[in-house]
Amino acid sequence: MIGEISHFLSLSAVLLLSLILIFNFFFFFAKIHPNQLILSLRLFNQACWLVFISFGMYVYLAISDDFSIAYIASHSNSQLPIFYKIASIWSAHEGSMFLWIVFLTAWSVLFINSLDKKHPLKKLTLLMLSLIILGFLLFLLLTSNPFERILPFGAVEGADINPVLQDPALAIHPPMLYLGYVGFVIAFSFITAYLLNGDFDLQWEKEIKKWSFVAWIFLTIGITLGSWWAYYELGWGGYWFWDPVENVALMPWLAATAFMHSLFASSKSSVLKTWTMFLGILIFALSLFGAFIVRSGIIDSVHSFANDPERGLYLLGFSGFITLLALGIFAYRLPAINSSKLVVTGSKESFLSMNNILMVTSIFSIFLGVTYPLIIESISGEKVSIGPPYYNTIFAPLILIAAMFIMASIDALWQRSITIKALCMNITVPIILSLLCVYIVWKVTAIFSILPYIGIFSGLLILLSYFLRVINNLFNKKFINKGSGIAHIGLGLLFFAVSMNSILSYEKNLNLAPGQSISVNESVQEFFFKDIQVLEASNHDIISAEVSIFQDGRTIFLNPQKRKYTVRGQITSESAIHASVMKDTYLTIGDQLENGSWTFSLKINYFIKWIWFSATLMVLGMLLTIFKKTAP
Amino acid sequence: MNQSLRFLILLLPLIVLTFFAKVLLVNEDIKLPNFESKDFPLFQLNDLNGNPVQSRSLEGIKLINVWASWCITCLVEHPFLTNLSKQNIQIVGLNYKDSDSKANAWLQKHGNPYLFSIFDPRGDLAFDLGVTGAPESYLIINNKVVGHIQGEMNQIKWETIFLPLIQKAQQGS
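The listed protein sequences derive, respectively, from chains A and B. The opening residue of the first sequence carries number 1 in the numbering used here; numbering runs sequentially from there. The opening residue of the second sequence carries number 1001 in the numbering used here; numbering runs sequentially from there.
It is worth saying that the hints were derived from the structure and are not from the lab. Source: prediction; values computed, not measured. Even for Gly, the Cβ is constructed at its ideal location relative to N, Cα and C. Just to be clear, a hint being listed does not mean it is correct.
Under the rule of at most 30 Å between Cα atoms (straight-line distance), these lysine-lysine pairs were calculated in the DSS-like manner [stated by the list, open to error]: (1) B:Lys1097 to A:Lys564; (2) A:Lys564 to A:Lys628; (3) B:Lys1086 to A:Lys383; (4) A:Lys603 to A:Lys482; (5) B:Lys1038 to A:Lys508; (6) A:Lys383 to A:Lys268; (7) B:Lys1102 to A:Lys383; (8) A:Lys383 to B:Lys1109; (9) A:Lys341 to A:Lys268; (10) A:Lys477 to A:Lys508; (11) B:Lys1038 to A:Lys564; (12) A:Lys482 to A:Lys530.
Partial selection, computed: residues in chain A whose CB lies under 10 Å from chain B [as the list claims (entries may be wrong)]: (13) Leu141; (14) Ile298; (15) Phe330; (16) Ser365; (17) Phe367; (18) Gly369; (19) Gly387; (20) Tyr390; (21) Asn392; (22) Ile394; (23) Ile447; (24) Ile450; (25) Ser575; (26) Asp584.
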């Protein structure tokens, strides 16, 4: 019964949203009556509440083990702790789409009600948001209904959550990511409304600035958590794989980052307005593209849900419609918004716009990397895959140029050209210091490879420029933007850590019987496979190995495991990780060989912790920017 | 320049859209030339009417066709399958990751070329068979899987892949 009520509430929300659109359509050409907006707003708020209550009831259904609901029956189980029963809702397509819509609704309702009552764009923004929410609610109910019952008799027991997902990170990684993805619906609808409205003297940057910043924070946390989860819990052995689904999360992130920078420029000196609007539209369009890639099953990936062309076509059609609508309005208004103000060469905004171009280039490169296998397959029928080499080669030079511009922009001023002399003075010290550091890295590691060294050099350039700026601030009281400083130091650190990781990390495959020990290299002097045990846990059997490693003068103990889940028969591998500041010792147990020995994969990963730390810095920098008292 | 830029802004997404729509609609056809025959997996499933399927009903020469009501390419190959069934080829459906109400409605609407359809909502049997998506077809001779076709079934594939296998089996017996 509760399932039906919940279903009914979602349907009612569809009805209310359609009402808003139809009602406003009829009065489109009439003079706006104040009541028209009030009525639309009330309907909108009620529709949003209906969605929230509907989702709340769905959560209740999941907690109370209603296995007559097909979705809950196939993704939950009565034995699960409540925590996982709730998280199981977003462990597959239907429920996660529901959560996606709930977040979409939440952002929309918060934003619309925070806008001033008489804001001239309020009505159009509301209509745009209604249209988007309506489209996705219909998608949910028509093609992937989470309320569907198993008739006439429900299942006695649920099929259990996928063991790979039985992890606390499941409860936070997808919600964070979705919050980030859909948060940009605000910028998207507001910009579209602004363009449609046609009054270009209106200030629009201020209204959406903070909302977009918050969404950016969620997106960054979401991506980082996914990376962290894959590395520590899922045992993938790495932190980033250039998997299509990781790529489609990175594209909106890059667009959002470019958007925020551009937003600074356009609110500070009213240039780059066209750019900012285009990027604002692009972020959400890319988020929609991401949803399409993941949910249509068009590309095979660890993240993709079951292949269903019906869903794919609907999503493609609707996302395409929304995107083309916004871009169409944008193209139509393009001649009118083209600001006559020119960007001054050597000013802060000139460097910013160069980096905007670089970020759009990298988005396009990733886009090509994601779609290239599909293009080739549809032309020649051959299956190709695009891997890290492609992305590394593309990104290394881009990063280097970006680092140069970032360095130059620190001391540049808005709307005024920086003198060549000042520029040279500012960049000489970081360049010399970075080259020195690169030389030291080369001497210490005795490894040379061109791409990672470009990364190290670029990372150091950014790091050192900002560092010098901080020192300057401490001693000479020179102005520094703290948020930007911390975020960029994070970025520099990220480039540095990722590149160092790629030159230093290595992997060894070992083959030992219990009781044997082996010397791996100078650092890992002894690898002792003590024993192997078979244990039984509540819902899985465990094969657990006891290994002690004598490494860099100390002994560490590791217990890599393999688990066989009884309900689904799935085998998962639990890596054992010993993490220190500089490096992680990452051990995975493989299969037993015929002679009774076991295979191990030993990975030594450097600078992993620094990667998470750098992401944290970026988020922190952003938080500081949000809470900073806005200068008049 | 401005005019062409405006045009480009719309043209590029349109190209991308059309391309993806095309990829979604046209399933690729992959041939597996050297298919190793294996036993048909054991299973306990009902047909679409709710009756348990007897493994005896898979004896003789049968074409197993994996289909679903959500599968667009299944509609494309449907007329050809109907044609085959009229030529006394016995086709058994394997209804894959679908709901029985939708599946039955689909059959009512488009016609039923199948002797019966095994109802496999979770894709268990399909998993054991090695199904990657719908549609796919398997040739079964006396409970042995001897041939496999991914994607849409058509006259050419039927004649080049399955028909020789059937003729070979009939000569052998």
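Hint-by-hint comparison with the structure:
1. B:Lys1097 to A:Lys564: 25 Å, holds
2. A:Lys564 to A:Lys628: 51 Å, violated
3. B:Lys1086 to A:Lys383: Violated: B:Lys1086 and A:Lys383 sit about 37 Å apart, past 30 Å.
4. A:Lys603 to A:Lys482: Not OK: A:Lys603 and A:Lys482 at ~37 Å, beyond 30 Å, violated.
5. B:Lys1038 to A:Lys508: Roughly 38 Å separates the two Cα atoms, so the pair is violated.
6. A:Lys383 to A:Lys268: 49 Å, violated
7. B:Lys1102 to A:Lys383: 34 Å, violated
8. A:Lys383 to B:Lys1109: Given pair A:Lys383, B:Lys1109 is violated - Cα atoms ~36 Å apart, limit 30 Å.
9. A:Lys341 to A:Lys268: Status holds; Cα separation ~13 Å.
10. A:Lys477 to A:Lys508: 51 Å, violated
11. B:Lys1038 to A:Lys564: Within the cut-off at roughly 27 Å; holds.
12. A:Lys482 to A:Lys530: The hint is violated at about 52 Å.
13. Leu141: Given a least distance of 15 Å, the restraint on A:Leu141 is violated.
14. Ile298: A:Ile298 check passes; min Cβ-Cβ to chain B is 6 Å, inside 10 Å.
15. Phe330: Nearest chain B Cβ about 7 Å off; hint holds.
16. Ser365: 15 Å, violated
17. Phe367: Hint holds; A:Phe367 Cβ to chain B Cβ min 8 Å, cut 10 Å.
18. Gly369: 14 Å, violated
19. Gly387: 21 Å, violated
20. Tyr390: 19 Å, violated
21. Asn392: 25 Å, violated
22. Ile394: 19 Å, violated
23. Ile447: 41 Å, violated
24. Ile450: With a closest approach of 33 Å, the A:Ile450 hint is violated.
25. Ser575: 27 Å, violated
26. Asp584: Cβ of A:Asp584 sits 35 Å from chain B, so the hint is violated.
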